[in-house]
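Colleague: Here the protein sequences line up with chains A and B, keeping their order. The numbers in our numbering rise by one with no breaks, and the one at position 281 of the first sequence is 336. The numbers in our numbering rise by one with no breaks, and the one at position 209 of the second sequence is 210.
Derived by calculation from the structure, the hints in this document are not laboratory data. Hints may contain errors.
[Stated by the list, open to error] Simulated DEER-style distance windows between Cβ atoms:
1) B:Leu88 / A:Pro159: 38 to 46 Å
2) A:Pro159 / B:Arg299: 53 to 61 Å
3) B:Asn256 / A:Arg175: 39 to 47 Å
4) B:Arg120 / A:Thr377: 49 to 57 Å
5) A:Thr412 / B:Arg120: 54 to 62 Å
Every value quoted in this text rests on a predicted model; they were computed, and no experiment measured them. Virtual Cβ for every residue (Gly too), placed ideally from N, Cα, C.
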Amino acid sequence: MTSTSTAPAGTADATGGAALELTGVTKAFGQFVAVDDLTLAVPSGSFFALLGPSGCGKTTTLRMVAGLEQPSAGTITLGGQDVTGTRAHQRPVNTVFQSYALFPHLTVGENVAFGLKRSRAKDVAARVADGLDLVELGHLADRKPSQLSGGQQQRVALARALVNRPALLLLDEPLGALDLKLRRQMQLELKRIQTEVGLTFVHVTHDQEEAMTMADTVAVMNHGRIEQLGSPADLYELPRTAFVANFLGQSNLVAGTVTERLTKRGLLGVDVRGTRVLVPTERAVSSDGAVLVGARPEKMRLLVGDQAPGRGDNVLGPGTVTDVSFMGVSTQYQVEIPGLGTFGVFAQNLLGGATVTVGTSVRLAWAVDFTFGLDGAQARDDGAVDLDDEP
Amino acid sequence: MSITAALGDSVAGVSAEPPRRRARRAHLFLLGPGVVYLLLFFVVPVGALLATSLYVPVPGGDVGEYQPAFHWQNYVDSLTQFWPALLRSFWFAFLATVAALVIGYPMAYVIAVRARGRRLLQGLLLVLVVAPFFTSFILRTIAWKQILADDAFVVTALHFLHLLPADARLTATPFAVVSGLTYNFLPFMVLPIFAALERLDSRLLEAGADLYASPATTFRTVTWPLSMPGVVAGTLLVFIPAAGDYVNASLLGNNTNTTMIGQVIDARFFKVLDYPTAASLSVVLMVAILVLVGVYVRRSGTEDLL
Chain A
56 MTSTSTAPAG TADATGGAAL ELTGVTKAFG QFVAVDDLTL AVPSGSFFAL LGPSGCGKTT
116 TLRMVAGLEQ PSAGTITLGG QDVTGTRAHQ RPVNTVFQSY ALFPHLTVGE NVAFGLKRSR
176 AKDVAARVAD GLDLVELGHL ADRKPSQLSG GQQQRVALAR ALVNRPALLL LDEPLGALDL
236 KLRRQMQLEL KRIQTEVGLT FVHVTHDQEE AMTMADTVAV MNHGRIEQLG SPADLYELPR
296 TAFVANFLGQ SNLVAGTVTE RLTKRGLLGV DVRGTRVLVP TERAVSSDGA VLVGARPEKM
356 RLLVGDQAPG RGDNVLGPGT VTDVSFMGVS TQYQVEIPGL GTFGVFAQNL LGGATVTVGT
416 SVRLAWAVDF TFGLDGAQAR DDGAVDLDDE P
Chain B
2 MSITAALGDS VAGVSAEPPR RRARRAHLFL LGPGVVYLLL FFVVPVGALL ATSLYVPVPG
62 GDVGEYQPAF HWQNYVDSLT QFWPALLRSF WFAFLATVAA LVIGYPMAYV IAVRARGRRL
122 LQGLLLVLVV APFFTSFILR TIAWKQILAD DAFVVTALHF LHLLPADARL TATPFAVVSG
182 LTYNFLPFMV LPIFAALERL DSRLLEAGAD LYASPATTFR TVTWPLSMPG VVAGTLLVFI
242 PAAGDYVNAS LLGNNTNTTM IGQVIDARFF KVLDYPTAAS LSVVLMVAIL VLVGVYVRRS
302 GTEDLL
């Protein structure tokens, strides 16, 4: 996008957005607790993602920040100011709704001007034009929303919110209705706009890939609580709960018991059905009793025949390859190890396609440094997403 | 005809009768009954009405005997004599329409928006709106006459509270006629507005609030414009029949300052047997309503709302 460099958006009066803080926020609908004692700090100017499955309370959280719902308990502050109890139209917050919620009786230009007119802003026409240029829709200002495609409507909704320079911009799964290609394109565009205008963005999504590509900080929510909060890389490399390990990407998890502490090397020895697996102590949530040992599929390698593992590698197996899917850049293998379950292995296709066929007996090897340990009291498949269930 | 055969026709284009022409014939067939009905009971009577409005009395004939002619003077004569009743009809119809809108819009709003999601309550309220139709129009108007009568509780209470001078009454006043019109046509205002508000997406109201609009501003800038199709339909459905109404005027008014054009037409047709005057007044009323409605619909600009 070249038109944006000339637009004053974000350069002329960048406020940098405001920090958002939620303290002990709870929202109950009758008996059902949608958000449970949530405490959260979003630094100003950051791109923050609330990630979770449907019904985890992320949208309710967003609506409370917008002022469309009032919390049952707790406080919400914006830029250090307590806004709990104020109503939606009194808050310097704008939302890009999942349904876009564009006003059907107004033109695109009038939709974008709506907030500016209400706040009695000056130069409404110029700011509307800039806002529409930012999303490359300047030429459609006189159309009605019903005459636009889904992607264009989405960008109008974004412009309508952004043009007000809110202290905080809320995005409620705004890309959910778009097809995959358009969604990828809009993700990059949103990220670019956020960097450009420097506002605080809070993005609600159930799409872990979307959260990871766009956000600086991701909070994984489940059952109205935050499971883990951190940068996408931290969450991915070192999940602290089985839910996060399975919901954010895929994980291979096996149950085991801590049997030894190698304090000098900073390692824990875990017995997994008679095989010793090593876990770095600082990468384990608990250092005794039952644990779940995990590793990401792309960290694992297949050992065929008497192929030797690397020095200090963890090894599991033998097992049988039950499925091979060629994905272009990589090949995904499913390996069934009797008594331990099914493991996924992603292998880069550095030397061409699949090298191992279904039915081959293999062992799995991965570096100790990439192993993580979780509390053993959780279900191994907590948070695992069945691809068929994805909306 | 099988699907494959139909496809074959349209692809090859060799059929003696193209599918489009067949579809057009089906349209005509479906329109048929309605067209015949309207021809018989609308076009023919209107033609007869137009012709009658130009008739002249048979020279030396009895009362009520007329012969065909092109006597345009009938229009001039009837208008010079009855223009006050015509104007009053539109004025009363206008007042009743405004009153019905003021009373009906909040009703429709409560049923459509506030009771949203509570199907049972919504259904019950809608039945209550339509309930007056279960009894006869005449009976209901006579009931209003009782309610507004001199010794009934409304007048007694107003006298007691000194809101009404001791010698004043409610029956046989313009107020009584407009009240009756408002009451009788209120459901025609409520139902179309309800239908429009029912379709209103409540997420648009949240979007309004999110964009700094207070509830009042959201109503003015979002709810009201989006309910315009219902408001236009409702006002037309009240105004048109109210302008031609004669039941309320004769039962609740029956006074020289409440005479409406419908009453005049009724009297000319059935009491005085002055058919040409009655017919010419009917034509004037019809044309006037058509013009007013045309201007109104164009001014309100609802055609691009839907």
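Colleague: The structure should be examined with respect to each hint, and the outcome stated for every one.
Modeller: Right, here's what the structure says about each hint:
1. B:Leu88 / A:Pro159: 38 to 46 Å: holds (39 Å)
2. A:Pro159 / B:Arg299: 53 to 61 Å: Since proline 159 (chain A) and arginine 299 (chain B) have Cβ atoms about 21 Å apart, the given range 53 to 61 Å is violated.
3. B:Asn256 / A:Arg175: 39 to 47 Å: Cβ of asparagine 256 (chain B) to Cβ of arginine 175 (chain A): about 53 Å, so the range 39 to 47 Å is violated.
4. B:Arg120 / A:Thr377: 49 to 57 Å: Cβ of arginine 120 (chain B) to Cβ of threonine 377 (chain A): about 51 Å, so the range 49 to 57 Å holds.
5. A:Thr412 / B:Arg120: 54 to 62 Å: holds (60 Å)
Checked against the numbered hints listed earlier, the structure breaks hints 2 and 3; every other hint is satisfied.
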